[in-house]
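> Spelled out, the chains give:
There are 2 protein chains.
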Amino acid sequence: MSLSIIFIGSGNVATHLAQALHGAGNRIAQVYSRTLKNAKALADKFSAAYTDNIGEIDRTADLYLFSVKDDVLPDIVVQMPRTSGVWVHTAGSVPMDVFAPRGRNYGVLYPLQTFSKERSINFSEIPVCVEGNDSETEKFLRTVASGISGNVNVLPSEKRKYLHLGAVFACNFTNHLYALAAEIVENQQIPFDMLKPLIAETAAKVMEISPQAAQTGPAVRFDETVMRKHTELIGNEKTKNIYSVLSESIYRTAKKMQ
Amino acid sequence: MSLSIIFIGSGNVATHLAQALHGAGNRIAQVYSRTLKNAKALADKFSAAYTDNIGEIDRTADLYLFSVKDDVLPDIVVQMPRTSGVWVHTAGSVPMDVFAPRGRNYGVLYPLQTFSKERSINFSEIPVCVEGNDSETEKFLRTVASGISGNVNVLPSEKRKYLHLGAVFACNFTNHLYALAAEIVENQQIPFDMLKPLIAETAAKVMEISPQAAQTGPAVRFDETVMRKHTELIGNEKTKNIYSVLSESIYRTAKKMQ
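Chains as they are written, first to last, in the numbering used here: chain A, 7 to 264; chain B, 7 to 264.
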């Protein structure tokens, strides 16, 4: 199956998805962004057309991939011209029905990964969650997603939002803890590099053992001596509070498991 | 250099260190634990002697490795018989001077890693931090550590405690976020497996990019719509609070960087 695909949005998710879909033999036909320079930058990778005028979006593509900020999506949907083809968005927390006022065949194609400009991503193992407004659309999206990933899941909006919430904890919040750890050691002229083997092993461990079973550290045994010493070392009151609420939560979870 | 080594303590850290030191050509001579069964279990791996009586600890070893709970260590130190050899502990947050009342040559050998019974560890890349009460002891401990790791660092107690604090954020707290993420998705019958590629990539990313630069998600752009939706999905008030304090901290950090 070779599809003609139009991207509405040109950020990290759009860029990585466009590369994967192009690599799977589809044609990136056009890129829309409200910033023309951004539309051009992504379009040029695929010799695609580009525009910053929603009215100029081509109406004959097979798939319209909306990858814009959550807040902006409803506005863009109402401005869209009538088109053939399927409309999908890539957002974790936006219900499929954002398209209901205007779409005919629509759905969601949500790749569960953190995308940065600096890193290339192997899509084949990324879980891609799809949803369609009817069984034909769902089947179409399953096929599209299977072209880029071996890990395709049909997941309704009501479930997807919880998956996205879990991803915020497992990725965004986790990365912030790395940043707080970096701040703590770098303030002492200790390089962040020293923490890298620990970070790698902590992630590798939960590939095999459940995170509940993998928990170690002073909070799990509620070692008050260590915890008191630690909070005394933290200069920032907000970070001190993070230390406390996470330690309490670890201890509470460990007690529940006994 | 082949040393005769006695372990005081038989937990995860002791077990992994004993295996690494044995693998480097040293002799595990004896294991002490207040629980005889545990002492025997570790000792039997190396055909070593074992005891649950501190008075029976052999006095002629080259190295005494104390790997016990922080709170217990001072008590054990005062009960120790006079021995030849160097005394070291493996704790992140205990000053070297815990040995001062009794030790002659003493120090610290702190491997920065999370150890579990279920996983074997390749010591060669683990940062090992050493400290000695005089330059001869420090040199001895550098040599011992170099036998098991290519990443040996001399780090005083005053710095080591900050490294340990950083490790709590980068490992213990991070793992707990994995556990909260697992709880959130599993409550919706979504398998934790779906989050694993994201967890792996989040960790892999900071091997190359600083965690400050790698930050993504709704909090970094303070996307209040998504954040409000998310907090509404969280049933547990304590977890809701964790969501709020971490989101605020992410946003505050991002603003500081601008």
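Hints are supplied without guarantee of correctness; some may be wrong.
Unchecked claim - Restricting the straight-line Cα-Cα distance to at most 20 Å, the calculated cross-link-like pairs of lysine to any residue (SDA-like) are:
id	chain 1	residue 1	chain 2	residue 2
1	B	Lys202	A	Glu243
2	B	Lys244	A	Glu243
3	B	Lys123	B	Gly29
4	B	Lys235	B	Lys202
5	A	Lys75	B	Lys202
Unchecked claim - Short, incomplete list of chain B residues facing chain A, as computed with Cβ under 10 Å:
id	residue
6	Leu42
7	Asn59
8	Ile60
9	Ile63
10	Asp64
11	Thr66
12	Ile82
13	Val83
14	Val84
15	Met86
16	Ala97
17	Gln119
18	Ala209
Honestly, the hints are just simulated from the structure, not real lab data. All figures in this text were calculated on a predicted structure; none of them were measured in a lab. Every residue gets a Cβ at the ideal spot worked out from N, C-alpha and C, and that includes glycine.
> Indicate, hint by hint, whether the structure satisfies it.
Status of each hint after checking the structure:
1. B:Lys202 <-> A:Glu243: Roughly 32 Å between the alpha carbons, so the hint for Lys202 (chain B) and Glu243 (chain A) is violated.
2. B:Lys244 <-> A:Glu243: holds (19 Å)
3. B:Lys123 <-> B:Gly29: holds (18 Å)
4. B:Lys235 <-> B:Lys202: violated (24 Å)
5. A:Lys75 <-> B:Lys202: violated (25 Å)
6. Leu42: Where the cut-off is 10 Å and the nearest Cβ of chain A is about 22 Å from Leu42 (chain B), the hint is violated.
7. Asn59: This interface hint is violated because 25 Å lies over the 10 Å limit.
8. Ile60: violated (22 Å)
9. Ile63: Violated - the Cβ of Ile63 (chain B) stays beyond 10 Å from chain A, reaching only about 25 Å at its closest.
10. Asp64: Violated. Min distance 30 Å.
11. Thr66: violated (33 Å)
12. Ile82: violated (15 Å)
13. Val83: With a minimum Cβ separation of about 15 Å from chain A (threshold 10 Å), the hint on Val83 (chain B) is violated.
14. Val84: Because about 17 Å separates Val84 (chain B) from the closest Cβ in chain A, which is outside the 10 Å limit, the hint is violated.
15. Met86: violated (21 Å)
16. Ala97: holds (9 Å)
17. Gln119: Hint holds; Gln119 (chain B) Cβ to chain A Cβ min 6 Å, cut 10 Å.
18. Ala209: holds (4 Å)
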